[in-house]
Amino acid sequence: MDWSKTKTVFIIAFLILDIYLAFQYVEKIKSSKYDMITKTTIEEQFAAENIQFGKLPKEVIEGSYITAESKIFKEEEIEQLKNQKPMLPDEELTRSVTKLRMSFDKPIPIVGENIENKIKQILTTQIIAGSQYKFWRYSKETREIICLQEYKGKIIFQDVSDGIGMIVFYLNDKNEIVSYQQTLLEDIKELEKQEILPAIKALEALYEKNDLKSNSKVTDVEYGYYTQYPLSEQQILAPTWHVVVNKTEDYYVNALEGQVIKPEKENNNLE
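Residue numbers (the numbering used here): 1079 to 1349.
What the hints contain is simulated information worked out from the structure, not anything from laboratory work. For each residue, glycine too, the CB sits at the ideal point set by N, CA and C. You may find that some hints are simply not true.
Said to hold, decoys possible - Derived pair list, reagent style BS3-like, types lysine-lysine, alpha-carbon separation capped at 27 angstroms:
| id | residue 1 | residue 2 |
| --- | --- | --- |
| 1 | 1149 | 1232 |
| 2 | 1340 | 1291 |
| 3 | 1136 | 1267 |
| 4 | 1218 | 1136 |
| 5 | 1212 | 1163 |
| 6 | 1218 | 1295 |
| 7 | 1291 | 1267 |
| 8 | 1291 | 1271 |
| 9 | 1252 | 1136 |
What the hints assert, rightly or not - Here are the computed distance ranges between Cβ atoms for each label pair:
| id | residue 1 | residue 2 | range |
| --- | --- | --- | --- |
| 10 | 1292 | 1179 | 39 to 47 angstroms |
| 11 | 1152 | 1219 | 32 to 40 angstroms |
| 12 | 1160 | 1279 | 44 to 52 angstroms |
Please model the complete structure; the sequences and the hints are all you need to start from.
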């Protein structure tokens, strides 16, 4: 055997193989760059369709489902409330009351007041566990002021007609608070923490469902909790992105699983 010729053949073969592999590598790089150029980001798609949004929250990294129980208001604590009386029949006060209805002895005026500060004062001085609630919305049309319960600084969002962890103040035609309805969640427990989806993914989910349309403006994005199916006693709430579009449209997106949560009833927009 002529080892010299054999050696030359092997060298030529390996050289051809190296050239072929190098060519394939270059083509792969070109293809990859092309894909990066042609694939638009969700931000670019929003810009192309004139969907506007401001600075999105970025501080939330982990979240978890939470469980809670509806508080049963006891007769003795109701009796301790000053300058107000229950609107429930007397026999109901001796049973389990999870939705408290009270009327004030004298209407409380809010005309000319900073509404949020006035409500905060009422919450801290005249409402059971009032410090756990936060002013949310005021409707001149329905003459209602809505306050939502918070958990660790995050709002527990709800459809107004479902109302768990919520206070609704009712006003007369003189813009005076005359009564309210209250529900409260307690014994709140967190389940296993998981990494949550960033807020931009919530907008993308709405866009893919055609809930976020061309020429829309995202006016608020906030992280909190929401339950699609409120129960009478035990609640399970999902970490949720609450997205407001065009100031009047409320949407909720599960911050762990990414699906758009559809409330069973129409949203009551109170702005």
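So, going through the hints one by one against the coordinates:
1. 1149 with 1232: Holds: residue 1149 and residue 1232 sit about 19 angstroms apart, inside 27 angstroms.
2. 1340 with 1291: holds, 17 angstroms
3. 1136 with 1267: Roughly 24 angstroms between the alpha carbons, so the hint for residue 1136 and residue 1267 holds.
4. 1218 with 1136: With Cα atoms ~33 angstroms apart, residue 1218 and residue 1136 exceed 27 angstroms; violated.
5. 1212 with 1163: holds, 23 angstroms
6. 1218 with 1295: holds, 24 angstroms
7. 1291 with 1267: violated, 37 angstroms
8. 1291 with 1271: violated, 33 angstroms
9. 1252 with 1136: It is violated: about 42 angstroms lies between the C-alpha atoms, which goes past 27 angstroms.
10. 1292 with 1179: 39 to 47 angstroms: Holds, at about 44 angstroms.
11. 1152 with 1219: 32 to 40 angstroms: holds, 35 angstroms
12. 1160 with 1279: 44 to 52 angstroms: Cβ of residue 1160 to Cβ of residue 1279: about 48 angstroms, so the range 44 to 52 angstroms holds.
This entry does not satisfy hints 4, 7, 8 and 9, going by the numbered hints stated previously.
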